[in-house]
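Chains as they are written, first to last, in our numbering: chain A, 23 to 132; chain B, 4 to 118.
Derived by calculation from the structure, the hints in this document are not laboratory data.
Think of the CB as a built atom: it goes at the ideal place given N, C-alpha and C, for glycine as much as any other residue.
Watch out, some of these pointers could steer you wrong.
Claimed, not checked - Calculated from the model, a selection of chain B residues having no Cβ within reach of chain A, i.e. all distances over 10 Å:
| id | residue |
| --- | --- |
| 1 | 10 |
| 2 | 19 |
| 3 | 30 |
| 4 | 74 |
| 5 | 78 |
| 6 | 107 |
Stated by the list, open to error - Cβ-Cβ distance ranges computed for the label pairs, FRET-style:
| id | chain 1 | residue 1 | chain 2 | residue 2 | range |
| --- | --- | --- | --- | --- | --- |
| 7 | A | 96 | B | 43 | 52 to 58 Å |
| 8 | A | 129 | B | 111 | 20 to 26 Å |
| 9 | A | 85 | B | 65 | 36 to 42 Å |
| 10 | A | 124 | B | 111 | 20 to 26 Å |
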Amino acid sequence: LAKTTQPISMDSYEGQEVNITCSHNNIATNDYITWYQQFPSQGPRFIIQGYKTKVTNEVASLFIPADRKSSTLSLPRVSLSDTAVYYCLVGDNQGGKLIFGQGTELSVKP
Amino acid sequence: DGGITQSPKYLFRKEGQNVTLSCEQNLNHDAMYWYRQDPGQGLRLIYYSQIVNDFQKGDIAEGYSVSREKKESFPLTVTSAQKNPTAFYLCASSQAGDRGYYEQYFGPGTRLTVT
Numbered sequence: 023l024a025k026t027t028q029p030i031s032m033d034s035y036e037g038q039e040v041n042i043t044c045s046h047n048n049i050a051t052n053d054y055i056t057w058y059q060q061f062p063s064q065g066p067r068f069i070i071q072g073y074k075t076k077v078t079n080e081v082a083s084l085f086i087p088a089d090r091k092s093s094t095l096s097l098p099r100v101s102l103s104d105t106a107v108y109y110c111l112v113g114d115n116q117g118g119k120l121i122f123g124q125g126t127e128l129s130v131k132p
Numbered sequence: 004d005g006g007i008t009q010s011p012k013y014l015f016r017k018e019g020q021n022v023t024l025s026c027e028q029n030l031n032h033d034a035m036y037w038y039r040q041d042p043g044q045g046l047r048l049i050y051y052s053q054i055v056n057d058f059q060k061g062d063i064a065e066g067y068s069v070s071r072e073k074k075e076s077f078p079l080t081v082t083s084a085q086k087n088p089t090a091f092y093l094c095a096s097s098q099a100g101d102r103g104y105y106e107q108y109f110g111p112g113t114r115l116t117v118t
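Construct all of the structure, not just a fragment, from the sequences and the given hints.
Structure representation (structure tokens):
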């Protein structure tokens, strides 16, 4: 499974757009890119998944360049409740295994 | 409501005792997973099961055991052989589809403290 690298922490203010970039240089052809959100003492929650170009849902957007060696999770107009840890995962979905890194701890300030 | 339940939320045990953590899902998902999370760390996979009566070791299976006798249940036993059992334990499930396994749904977790 491909290894991912993302910033340990980020700070933002309410109402701003937040972009979290994840590096995955060894991504394989069959791999998908998935992002999860985790609040303290809770299980992670799926945010978005993509394979290439851009994916958007009601919560976030995921931008994936043509070489797929990185991806950017974009959270529009964050609020205090978006303070959480965000994990970027890369895998082919076939074995069902997910490898979680340390994630990015996002702190949204008023 | 559909979802994953884990019980209990908090569990305390004495060192040397085995303890079993419960995980039940009513999502009709094929696959189930157990993770361990230590403070400030990401999740680490203990065991996973893609089908009833079959399971595979994850990255940190030593000191743990599981069973998958029913599709909806995947209990985890933390044995006395696990050197550092105090942690937050998370159970998850996912459904196999035409492009592999879809996103995992997580339970609320069980915080185990062993003294």
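Comparing the hints with the structure gives:
1. 10: holds (14 Å)
2. 19: Label holds. Min Cβ-Cβ 27 Å, cutoff 10 Å.
3. 30: holds (13 Å)
4. 74: Residue 74 of chain B clear of chain A: closest Cβ-Cβ about 15 Å, beyond 10 Å.
5. 78: holds (17 Å)
6. 107: violated (6 Å)
7. A/96 to B/43: 52 to 58 Å: violated (25 Å)
8. A/129 to B/111: 20 to 26 Å: Hint holds: Cβ distance 23 Å, inside 20 to 26 Å.
9. A/85 to B/65: 36 to 42 Å: At 40 Å between Cβs, range holds.
10. A/124 to B/111: 20 to 26 Å: holds (22 Å)
The structure fails hints 6 and 7 (numbered hints given earlier, in ascending order).
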